[in-house]
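Use these hints to put chain C onto chain E, whose structure you have.
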Amino acid sequence: MSRVLSRRNVLRGVGVCIALPLLESALPIRLAHAQLTPKKKRFIGCFFGSGAPMPDAANGDWGYSGNRGGALKPLADLGVAPYVAVMRGFRAVNNFDVHWSGTAGFLSSTPVGTTNSPNPTSDPNYERCAKSLDQIIADTHPSAPIRSLHAGFSRVPSWDEGHDRVGSINYVNSIAWRDATSPISNITDPMQMFTRVFGSSDKLSNARAAYLLERRKSILDGVLDQYNHHKATLSSADKHRLEAYAQSIREVEGELTSAANATTCARPAEETGGEAYVRNFRTMQKIIIAAMQCDLTRAATIMYNDGIGPNRPTSTVAAEQHDSAHNNWNTLIQINQVQVALWGELIAGLKAADLLKETVVVLGSNMSDGRTHNSANVPLLVASENVANEMKLGQEVYGTPTPAAVTDLAQNRNMSDLWVDLLKLYGVNVTSLGEGPYKSTGKPSGILV
Amino acid sequence: MGWSGNVALVLCLATAVAVGCDGPSDSLLKDDPGTFEDDPEAAKLAETLAAGPAMTRNLSNREYLNAVSDLIGERLPRELQAGWTATTQFSGFDAVPWMNLDTKVVRDLSETLEAILDRAVASPKVMTCQVTSADQLAWEGCAKSIVEPFATRAYGRPLAPAEAESLARRYADGVALAQEALTDPKEIFTDGVRAALGSVLLAPQFVTRIEVPPTPDFTGERDLDAYELASRISFMFTASIPDDELWSKAVDGTLTNPDVLRAQVERLLDTKTDVFVQSFMGQWFDFREYESTEPGTLEHTMWNESWRVMADIVKEGLPAKAILQPGFTYLNQELAAHYNLVGQFPSELTRVETAERGGILQQGSWLSLSATPLKTSPIHRGRLVQDRLLCKVIPPPDSSLFEEIQKVTASIPATASVKERLETHRNAGPACAGCHEYMDPIGLGLEGFDMHGRLRNAYADTGRPVETESHLLGKPFRTFRELNAMIAELPEYERCAAEKLTIYSTRRIVDATASKADADLLTYLSHPIDGRPPSVRQMILRLVTSKAFRRVHHGGAK
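For the protein sequence lines, the chains are E and C, in the order given. Quick note on numbering: the first sequence equals residues 18 to 466 in my numbering. Quick note on numbering: the second sequence equals residues 15 to 572 in my numbering.
Next comes chain C alone, as it looks inside the complex:
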C-alpha cells in the first residue's frame, strides 16, 4: 500500500468520525484494489463478475442542457427545448434511440444553438479573453485559448490533433464569413468563436457518449480510462459533464485508482445527492413528472417530499426496503392537510417520523401519477408495482382478447364493487388471470388511497366502502403496511433495486434471465452484508467499483 493508500486511510478515519462509519476503507484490506468487500463471499462474487458492454448512447435532452449549462456557466432554461423531440424512456429511464438523431433533432439543435451561442459568447467563463483590433484575429492566441479548453471539457477528453485543427479551420471560416457582413473586429472575432463553439456543441463527440475501442476493429475487454470513468460517473450522479474536481482526477489519471474512484463517488453521493435522486429515483418512480410544476403548488410539494425522502435513504445508508418503509417523510402544513394528518406542521417541508407516509407507495406523487385525475386504477397501480419494484414486466393484452374483455365488462352488474369487477375479469379465463393475478391484488391493497393520494374509506362517486383486503402470491394482507412489508420481503425486491440502478447507471438493458453476467451482477449487488440487505449507498458503491462498471468489452460479450 503506497502513499495514496495512507492518505485514503486518513481521509476515511476523518470521515468515520464525521459520519459514523464503521472503520477504515475496506479497500485497504484487500490485495485487489478493485474490491472493498470484507465479506469473503461478497468478495468472491465480485471477482467472478464480467466486464460490461462499452457504452454507446445519446445524451438525453436534460443531459444536453445540463452539460451546456455547465460549459458556459449559466443555468439554461428548459424552455429552450420546448419544441424538441421528447426524450424517449426505455425500461423506465431516459434512452434516446439512434434513429431519433434525425433531421428534426438536428433542426432543433441547430435552431436552439443560436440562443445558446448568444449566451456562450457573452459568458465570462467561456470568453476568457477578447480582441479589440483586426490584427488580433489569428487563431493562435485568444481564439485558441477559448475554443480548445471548451471543446476538451465538452468531449470529456483531450482533443485529437485533427479535431483541434478542424476547430481552427472552423474559426477561420467563421471569421471570413463575418468579415463579409460585419466590420467591428470584436464582432468578427465573436462570430468566429461562435462558429467553432457551435461545431463543438453539435458534434457527435458531444451529443453522444461512445466509449471507443482502442482500434476500430478491436474485440475484447479493456479497462475504462480515467476520462471515460469520469464521464460515466458524472452523468450518473449529476446528469452532466464532470465538475472541476472530478475532471482533475481524470486529467491526472488517478481516477482509475479504485480508492480515488470510490472517494469521488462518495463525494458525489454526499454533495450531489439531490441531483442524483431527482434524476435516478425521479425516473424510477416517475416523480420527475412533477419537477417542473410551479413551486408552491401541491404537485411541487409532492415532488419535494419524494426526492427528499429518497435523498435521506441514500445519505443515511438505509436499505432498499426503506423505499417502501422509511419510517419518516417530509411534510408541511399544506401537504399534511392534504393527507388529512392531525397535528402541527411547519410551513416549510420538514422531516417527520411516521409509519403512515413516506414509503413510495404512500407518497402523493406516486399515488397521483399512478391514477387518472378522475379515478384510480388498481390494475394500473398493480402493474406499476410489479414493474418498478419487482422488475416483472406485464405484457399488454392481446388484441384478440379485446372483444372478450368487452363482453365480460358488459356482463358485470352496475352494482358490482371494484373488487367484484376485478374478480369477474380474473375469473374469465386463464388468459386474463395469467396477468391480472399479479396486478389486481396489489392494486386493491392500494385502493385506500384516492387519485390525489388521500386516504379514503369509501368511493366518492358511489359511496361504496373501499375494500383493500387482498393477497400477494397467496398470502393474505389487510393493510397497505402489511402489503409494503410483504413486497419488501420478496426475494426479487432487492435484485430489482439492483437492476434499476444498473440500467440507470450503465444505460443498458439488464436481463438476468438471459445473461449469466447480468444475473451474477445482481446477485453481487444485492448480496447481504452481515446478514442484512445492503444499503442503497452500498449497492451504488459496489456497482461503480465493480469490474462490470470499470471494465468493458467491445464486439460482443465474452
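With the rest of the complex left out, here is chain E:
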C-alpha cells in the first residue's frame, strides 16, 4: 500500500477544505487584520463562577486591594499586581439565570438562547450563544497546530427541570464557544491535556510513540470512512448533526498530527504537591504555557469552576463555592484566593517564559454578589505586560462615569467594549461585538492607553 498518497492524507486535505468555509463568522474580522499592527499574539480567558465579595464603592475598596486580605491578596503576594488591571463597573450577561448566561456569554457578551415560549417544552439539543473571544483570537492564526486549549475542573450533567427545560446545562459548562451552537468542553484531566499537546507520555521511545499515533489516526480515518457511507442514508437534519461529529474526528486527527510534530517542545513535569484541585490546575497551566512557548497554540481558556457544581478547591475550605456565595463570604474569600492565586501563578509563569508581553490574560466571573445574583460590577481582571505602554496595567480601570456608579447596573459597561478594545491589540478591528443589550457601544473601555 502506498504511503505517499494515503487515504488518510486525502481525507485530511478534504477536511481542511471543508473546514475553512465554515469559519464564516470570522471572515469580516480577518479581513480587517491588515488595518492594525498586532501587539499581542496570545490570549487566555479565565473564569470562576458565583462571584466574589465586593461590598460597594462606598467602602472605597471591594476586597480586592490585597491590603485588606481580600481575594486579590495573592496577586500582591506573587508580585504580579503591576501587570494586572482591575476592571470595575462591568456587567455580566444576564438573561435567564446569570449562572448560565453569565458563564456562556462571558467571552462573547451574548445572551444565551432559551426556550421561554408559550410552549415550555424544549429540545435538550437547543443551545445558542456566540463565538467567544478566545476563538476569535484563534482565528487570527488558523495554521496553529492546536487551535485552542480548554482547561476545567468538572462538568455539571444537569441541574433541575425548571432550568434544564429553559436553558442548556452546557451554558454553565463552557465559556468557550466555537460558534453560536458549539460550546467547547474543557479538559479536566492534566494527563489528557498532556497527551493532547504532546501526543503521548514521554515514557515511550519516539519510534513506538510515532507508531501508536499513526495507529490511532488510522482508526479515525476508518471512522470517517464509515461515516461517509452512513451519511448517504441520513435525513438532512441528522446529516447536519453527524457532520459536527465528523468534524470533531477530523480535528482530533489533526491534533494527533500536531502532537507528532511536538516532539522537540519542552515538556513540563507534572505537579505532584498539594491537593488535587490545585495540582491539576497548576499542571494544566504549565502545559498551556509550554504549548504557547513552543507556539503550538495561541488561545486557551481556563474555568476554575462552573459556579454551581461541587467546587471545593481544598479540604481546608469548609463549604462549596456556590453555597459560600449565598451564605458564607468568609469561605468564599478563601476559595477566591485559591483561584486568584492559581491565576497569579499563570501570570508569573507567562512572565518567566517571556510570554506575558505577547499575551493578554483575563479573569472574570458571572456575578458580583452571589446572594442576589447581582450582575453589576462583576470581578474582572486583565493582565499583560506592556511593550509600548499600550495598556493601563497595575491600576483600577473604571467602566462607569464615576467610581460610585459601579454598583449601578444601568451605568455599568458591557464587557463587549472591553473585548473590542482587546481585539485591537491583536490587529482585529471589529465594529461591534455581542448581542442585544450587551452589544458593544463603540466607546473605549478604558483599558487601552
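I should point out that these hints are in silico values taken from the structure, not numbers from a laboratory. These numbers come from a predicted model, not from an experiment. Every residue gets a Cβ at the ideal spot worked out from N, C-alpha and C, and that includes glycine. It is possible that some hints are incorrect.
[Unchecked claim] Listed below are several chain E residues computed to face chain C (Cβ distance under 7 angstroms; list not exhaustive):
id, residue
1, Ser175
2, Tyr228
3, Leu230
4, Glu231
5, Ser252
6, Ser265
7, Val269
8, His339
9, His343
10, Asn345
11, His390
12, Asp438
[Stated by the list, open to error] Simulated pairs of lysine to aspartate or glutamate, EDC-like, Cα-Cα distance not exceeding 16 angstroms:
id, chain 1, residue 1, chain 2, residue 2
13, E, Lys256, C, Asp231
14, E, Lys248, C, Glu225
15, E, Lys409, E, Asp438
16, C, Lys433, C, Glu483
Below, chain C without anything else, positioned relative to chain E:
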C-alpha cells in the same frame, strides 16, 4: 391465527400456571395483532394513537460501556470513562446533546479505545480465529470472520456493502501500517483487526442510534423493522445492544410480530428486571447516584433497598401507586438500625412487610439525596416530588426577586420555626406563593425524616419539634402516610408515571399539554383495567406494543 399464535397460546398457558396470570394472551383475542387489550375502551384508545417520532440520539456513557462490554464479552470497568464528559440528563433521564460530540468526546473515545481494543483483541469472544503466518493475512478468511460479525452486532443491523468494503480497507491499512513497525505476523494481524474494530467502535453507526428514513428525503410514517425494534427494547431494558435471543428474533424478522415482541418484552421484564429498574427507576428517583458507592456502605445498602423494592413492583404487577405505598421494603440489620426499627433483622437484605418504609419518599436513598449532608430542605423535597411524581415543573425564581428574597429572609426572627419561615416567604407576595404553594406543604410533610432518612421528632441543631402537619391542594394531612395516599390519588399521578416511562423508553420529550398525540398516549397508558389503575408492568407492555412505539414518523408529526 396461525401456527405462531398457537405456540404463543401454549406458552402463555404455561406461563399462567407458573406465575398465576389470568388467562391466555389477550393478543389472541384481537384481529389487530398490535393490541392485546380486552377492555374495549382501552382497545379503542390504542387504535387512536399516533406514530412517535423516529429516534435519533447518542449513546450515554453507560450505554456505550455496556454495549462494548457485551460485544467483547467482558464487563469493562467504569473507571475507563473517568475523564469523559459526563452524560447530560434531561427530564431526569440520560440525554446527550448532539453538541456534546465535540473534540473532547472524540478525544475521550479515542484514548479510551486503546484500552478497550487491548481487551477486544485478547477476547476469545471476538478473536474467533488467529493467523500464524504472513500468508494468512488476507482479509477474506480470519479477519473478515472476526470483523464483520462484530460490526453487525455493534450497528444492530446487517452491514451495507460499502460499510463492509470500508472495513476491509481499514484492516488492510492497519496491516500495512503495522508491517512498517512490526515483524510478527500475529501482531500485524492483530493490529489490522484492531484498526477495523476501532473504526466500528467510534463510528457514528455505533455511538449514535438513528432510525434512518427509507430515503433521505422521506417524510411520513413507517413501521420500525425488526432490527430497530430489537435495538429500542434492548436499550430500554438492558441499556445495551440486544442479547442473543433478541438478536435472533431480529435476524429472522419475527420481532415485528406483536406476539413475539410481547413475549420478548415479558422475557426481559422477568430476566433483566434488576438492570431495567436500576436504570429507569434509578434515574427517575435519582438512586442511581448510590450505585457506584462501595458495597457494604450504608449508601450502597440504600441503593439495594431502592432497586429491589422497584423490581418487585414490576415483577409482581403492582400499580404505580405502589411506588409510594408498596407495603414492604428490603432491610438488613444495618439499615434497620439506621432507620431505628425495632425487631430482629438478618444480615442480608431481606424483604420485610411494613407500611413504615419502602415507599420511595420513605427510602433512605431518596431522603438522603433530596437533602444536603447538613440539613433538609422542604422546598427542594417538595419541588422534587412535584417533578418526579406529578410531572409538574417548577420554574427557577426570577433573579429580579433575589433582593426581595434576601429582605424577607432578613426579616424573619431567628426564633422562627421552619414552618413559620416557609409561611413568611409564601406570604411575601403572589410571585413567591405561586410556586411555593406547590412545594412547601409537601416538603413540610416529609420533615419528619432527616437528611439521612431517619425519623425525627425534633431538629438536632435547635431542639425544636418538627412540624409535619400541612396540606395538599387545600386538603389537610397529618402524617407522611396520609401524604403518600393523597399524592397517589391525584389524577396526574398515574399519567406522570406513564410520562416518565415514555420519556425513558423513547428518549424524547413528552408534552401532553402541547401535543394531542402525547396526551392520547398518556391517557391510554394510564387507562384503568377492570376499574383499577394498570400495573407498571401493564403500562410497559402497553407502551412497547403500541403504535406510538412500533411505528415512527419522519420529518415532523402527522
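Looking at the structure, which of the earlier hints fail to hold? When the structure is compared with the hints, numbers 3, 8, 9, 10 and 12 turn out to be violated.
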